[in-house]
Amino acid sequence: MMENPYVPFLMRVEEILAETDDDNIKTFELSFVGKADEERFVYTPGQFAEISVFGKGEAPFGMASTPTSPGRLAFSVSKIGVVTGELHRMEKGDVVGVRGPLGNGYPLESFKGTNLVLVGGGFGFSTLRSLTNFILHDSNRKDYGELSVIYGARRPGLLLYKKDLEIWRERGDLRLHLTVDKSENGWQGHVGFVPDVARSVAPNPRNAYAVVCGPPAMIQFTLPVLKDLGFGHENIFLSLEMRMKCGIGKCGRCNVGSKYICSDGPVFSQQELSHLTTEAHG
Amino acid sequence: MRQLTTDIRSMARKLLQEKKVQVVIGFERGSMPLRSRPCFVRKEEEVDRLVWDGFCENTLAAYLPKRKEKTAIVAKGCDSRAVVELIKEKQVQRDQVILIGVPCRGMVDRSRVEARVTPGRILQAEEREDLLILKGSDFEEALSRSDFLHDSCKTCTHPNPVLHDLLAGESLDEKNQDSFSDIEIFDAMTPEERWSYLSKEVDKCIRCYACRNACPLCYCPECFVDASLPQWIGKSTDSSDTMIFHLMRAYHLAGRCVACGACERACPVGVDLRKLNRKLLKDVKDLFGYEAGLCLDEVSPLATFRPDDPEHFIVNP
Amino acid sequence: MRRMAQSSTWEPKIVAFLCNWCSYAGADLAGTSRIQYPPNVRIIRLPCSGRVNPFFILSSLQKGVDGVLVSGCHPGECHYLTGNYSARRKFALLKSLLEFAGVEEGRVQFSWVSASEGVRFARLIGKVTARIKILGPSKKLVKTPARGPFHAAVND
Amino acid sequence: MSSPSKILKKDRLASFLERLLQERQVFAPVRKGEVILIREIDSPSQAVLEYRNAKESPKSVLFPQRETLFRYRAEKGKAEVDIPSGREQGRVVFGIRPCDARGLLLLDKVFGGDCRDPYYADKRANTVVVSLGCANPNPACFCLSMGGGPCSAEGSDLLLLDVGDRYVAEAGSEKGTALLEDEAFEKVDEETVALAEKVKRESKASMKPVALKEKLEEQLERLFNDPVWKDLTESCLGCGICTYLCPTCHCFDLCDEAAGTTGERIRVWDSCQFPLFTQQASGFNPRPTVKERFRQRIMHKFSYLPETQAMPGCVGCGRCVTECPVNLDIREVVTSLSEGNAR
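Protein chains in written order, with the working numbering: chain H, 12 to 293; chain W, 2 to 318; chain A, 95 to 250; chain Z, 75 to 417.
Just so you know, these hints were derived from the structure itself, not from any lab. All C-beta atoms, glycine included, are put in the ideal place defined by N, C-alpha and C. One thing to keep in mind: the hints can contain errors.
Residues from chain H shown here face chain Z by an in silico Cβ test under 10 Å; the list is partial [said to hold, decoys possible]: (1) PRO19; (2) ILE27; (3) GLY68; (4) ILE91; (5) VAL106; (6) LYS256; (7) CYS262; (8) SER269.
Please model the entire structure based on the sequences and the hints provided.
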């Protein structure tokens, strides 16, 4: 972590990729302006960073990239507020500030040697993409068991990371289940809600972890399905979202019970969450 | 005073018994001497919590917007005027609210009383007619209550509820017209003097927004200070931001402010909010002949115009 | 010190919020008719003087303009029939409130100029500019930019 | 008496303050209009030591309501960041009340910890806290019920107890002991010690304890979804007085203030009582009404902080009690919650 946790370092916009057909989500690939910052930025999938647009402020985003492709960080940004609106107006070569890595990330050590079921919906898929690509990397794949990815969007045009999805589909060591709530434009794939897909795919809970990340409604209906399938509370991990500012557990707004999402999370097991009094999750 | 409490309780009891309302909003004894506070009574057996005394300073009309239940409210003159404005602005439906009107002799400003008896500790305060009897661990003192009223009560011209369904006690004499002499005196100062006075006042502000939240007419779902697209003013205690906050808070109440004084009383640091509020009360009256909250059928001054409105300020090259 | 050195060359910055249907066209006419007027105004076109949010005026002053002018259609001539009538009441109160608070009389001015009044527009700008020149640089309500290494150079 | 103590005669106080002022910034209670505030002083005569308590807590000395975190210059394709130099002058916070001194201990925990906050910590490291015991606690005070006391030295480097024409000064830390080296302090005698003990005893005895059932934390966890919160908070106006005046509340916001291509990132106080505090850009708000926000304030103070920092977020200073425009008294709230039902 940085010596002064409030001060961002600089990154340059290298690529901007429109992810969705409504142009509301773009992925920004950033490169480090300073070499030392790159060396300091050691992260795991599931962690996040605060991106500064100078003059507008900061907003938190999960890393959509993986540490297995060094030199660059990728963030997917949904155009929704002041900072994100300004980010969407950015062009190649523009400079932003970045603070991070923040948060705990996914418990990779626990995951080793187990089967994994990743369940994602909509915009919440970005850190699952990071996790998937991390596991699929040549140097890591052997450390993990079977990998299933269940990913849904409201409609096909809103699925993110289409190139990755193509590559993943071709791979034999990953079971990819894509679904959309509503079909369009000759969509050949599955139509239905994520929890229903999870139920029909019925991943085996033995020696397995499930990771769930998505909108509250999806989480709410997916958790009972996983329970029915035999996943215990301690074997289900969720990545939570709440309004954040400082990212280091000081500013006081993103708590669920006594835990701060920014510094104690954003990844919690369902077991941990069951002990927390909260209005936020599920 | 005691009689008014009795009247209010029996009216509240009847309204709840007959299921005319689901809740009665009134005052109960507070947790400290010189304090009464808002209370919400839903059951007949809780009616005896209600009291009426010289410490019922809150403007209860602030609790009416967005309330879904049928509600009875204990209303002083200023509360009733706020209700009139809220009905006009369609924040309250007339048939959803029953006003238990209470003629008001003005409320006691506890900070004045406390300043008077410092450094003693007031353990008990009660009112007997026009006297305020204070008891402490080592003293007892009787003050004339009229010397310790809130500023807004001193200039109040409508002590009787202008709108009520029930009336507790008997109407008081209406007071003389407000002369706004304080504003005239202030206006006679130089611009520099006025600026420096107000800047000093505003510099006390801690931006807690109690003035806004206590105001019965501040009900915007998103206040201009909270807007982010665009962000009109900064969030810090910067003097320019804070001055603009106070100017615009007052301005947004132009023609709507019922002079209840809730904002000044809520301010924890004693910013002189009266100056700006009363300047606008005076201008609205002088320029458009309007006084807020007196009549349900009168159109608010900024929702209408006259072709021959004053335009002395228009530059003619 | 810098302020003193500047004073001989100081020119006020004035923002003018003009109604599209009258004053803006009046400004246009003044321009096409090659009528000279002081170059101190920055014009912002609005659909009506009734569109002027009081915050436009206060934010301008906060950002450091030396004067604000609002101009719309003469009473009775509003493109939307009554926009300027409603605006007139708002302006009367706002101007009075600002001056009560100690903002100099003339820092914020209001006028009516029709589309055919190019000469009147030019005279108006002359008059407004002259008044603000007498007042000098605006200080009240200006949000002082933060002091620090990057600020000195930029805020000249 | 275990801690080192000495006597400071009142007529020597000014010379002591004078010497402090030569080397450090001194913050003390001063009169501003009708209220007492903690402000920097430049002469001993400005300090007001005959007072109940300051209107605002002294937290702003270390955690100002507005603070520049860094400045930037950003233009197309490039940006620079400049951090204000961290050299903080030595500070003395003089004459604050023991409750407020204790409040700083909570801020120390929040802004310290695994992730040190340099802005707070740099100021704090060079700060000496000299507090003034309360002989006459206010009716709204309840420090005793929150683990402190009107003459508690917890959080103070030096505690002064008024015993008439002199103060007894008890050092609570090495920093405090160092202050006792000043020539203004004299050796303590037994008679004065006895007077000081009497002040302590009597001020303690004059306080009415807040009736708390033992397991407030457990009750809070149990009552989280109870309808009781609606009843408790019905009169709350949702303003920020209680949090802004509180000596332990520390929530903040970060925002940018830009002027052209330059600007600064500032930290400003924020309040969990404001609706926008947790509202997400999408419009979703996990704490949409006063009920959830008030509950967060109570839970944070009496459940979460005891759990994570081993200390409640309340020192019983009573500011929120006296200043709440609707007299929503936190003492009554905790009492009724500890009993497991509404008041």
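To see whether the hints hold, each was checked on the structure:
1. PRO19: 7 Å, holds
2. ILE27: It is violated, given that the least Cβ distance between H:ILE27 and chain Z is near 14 Å, above 10 Å.
3. GLY68: With a minimum Cβ separation of about 5 Å from chain Z (threshold 10 Å), the hint on H:GLY68 holds.
4. ILE91: 4 Å, holds
5. VAL106: 4 Å, holds
6. LYS256: 5 Å, holds
7. CYS262: At about 5 Å, which falls below the 10 Å cut-off, the nearest Cβ of chain Z leaves the hint on H:CYS262 intact, so it holds.
8. SER269: It holds, given that the least Cβ distance between H:SER269 and chain Z is near 4 Å, below 10 Å.
When the structure is compared with the earlier hints, a violation turns up for hint 2 alone.
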